Amino acid sequence: MKGGSRVVVQPHRHDGVFVAKGKEDALCTKNMVPGEAVYGEKRVSVQNEDGSKVEYRVWNPFRSKLAAAILGGVDNIWIAPGTRVLYLGAASGTTVSHVSDIVGPTGVVYAVEFSHRSGRDLVNMAKKRTNVIPIIEDARHPARYRMLVGMVDVIFSDVAQPDQARILALNASYFLKNGGHFVISIKANCIDSTVPAEAVFAQEVKKLQAEQFKPSEQVTLEPFERDHACVVGGYRMPKKQKV
Amino acid sequence: MPENKSAIGLVWAPKVPPLFGVKNSSEKMHNQTKDPVLTPGTELVDGLYVPPRDPRKLNKLLKKNMKDTAGSSWFDMPALTVTPEIKKDLEILKLRHVIDPKRHFKKGDNSKAPPKYFQVGTVIEPASEFFSGRLTKKERKTTLADELLHDDALKAYRKRKIQEIQESRHPGGVEKWKNKGRQTWKRAKQRRK
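Taken in sequence, the protein lines are chains A and B.
For what it's worth, my numbering labels the leading residue of the first sequence as 1, then goes sequentially.
For what it's worth, my numbering labels the leading residue of the second sequence as 1, then goes sequentially.
So that you can see chain A by itself, here it is in the shape it has in the complex (with noise of 0.2 Å):
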């Protein structure tokens, strides 16, 4: 896709998401902030046939384990408009600009990150999506930033840290409605590099389901990342009502 060839840009399955079709296929979201990239990213421009514009930024699998997820077909990403969202792990604001255009203006995105210098462009990021609330604190202490953060549909959590399991647990507990969902994407090495990577996951999915989420699928990020799995499912589910 170059700049200047034309598209056809048509709803995915997933809420809120989009695919523009021409000589190949790319994963978009509708932008925000009409005329302005993020980071370099492409851009679909379209006119509408009343004379309003509305304007599509590509999505790449390759910087983003969302993209990547959906593309590897995950059934449901729970991540649509309207919805809040916590972050963790926002890094530089790539992804969370892609979430935050999904969510759209009735939603909220919160972006935990820890790291000072990701964290001043996810600040400049956020100061031009009025629906991101970025947060420059560990994930690791969410009492430090209960304040800022309300009731979240959704938790998506890209923190790679050797117990990331119990951070998600502890942010849940704080700020997840019972029957939220979350999507946690796993980096095997980050965990345990000495065995291999279904044993990692494995072990991790066992971790989740002791702190009472209740993972439905997992995929594998095969193609755009090397051993890195992503975890779907639910929290403190309601029991079904047996009729």
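Keep in mind that the hints are not guaranteed to be accurate.
As the list claims (entries may be wrong) - Only pairs whose alpha carbons sit at most 27 Å apart, straight line, appear in this in silico DSS-like list of lysine-lysine: (1) 87(B) / 106(B); (2) 87(B) / 2(A); (3) 63(B) / 23(A); (4) 137(B) / 53(A); (5) 102(B) / 2(A).
Keep in mind that the hints were calculated from the coordinates and are not lab data.
Keep in mind it's a predicted model, so treat the numbers as computed, not measured.
Guided by the hints, dock chain B onto chain A, whose structure is given.
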């Protein structure tokens, strides 16, 4: 004229509205029974539009006037009116797996019907790809079909493929041995020697 006879009163007949010439009488009756308040939605009262009183009709009218969109889950993406050019683009998008031999696509949906909700846009490149990932002004075209047809590399492949197909479809035999009408019959015989 049975109507005239009954009017005189010599012959009794039930008072039934006449079968023929319904137009006039029914129109009159309609005018009499019409309530001045409950007018049908299409009519004007004193030259002004009055919306229908019936909530069902009103809802139907509102639904009809609403724009068709993909819904709030996709930020109300509108349904585009399909012009011949856009139709051609969508068709070529469906057949793009035969256009380039080096490129492979996922199968996508099998539905024959064209997509309902879509938009046609132009890619804007970032400044970093000004020299590497940009079409020049001459290469830019208004439709996707035009763009693919003007690609030189694809043109050569397409030409070769069409020639191959034409040759394989061509009937067998040697061209110069064929009889073309009666007059060549003799000469063809000679040629075969």
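Each hint, compared with the structure:
no. : hint           : in the structure
1   : 87(B) / 106(B) : holds (21 Å)
2   : 87(B) / 2(A)   : holds (23 Å)
3   : 63(B) / 23(A)  : violated (37 Å)
4   : 137(B) / 53(A) : holds (22 Å)
5   : 102(B) / 2(A)  : holds (17 Å)
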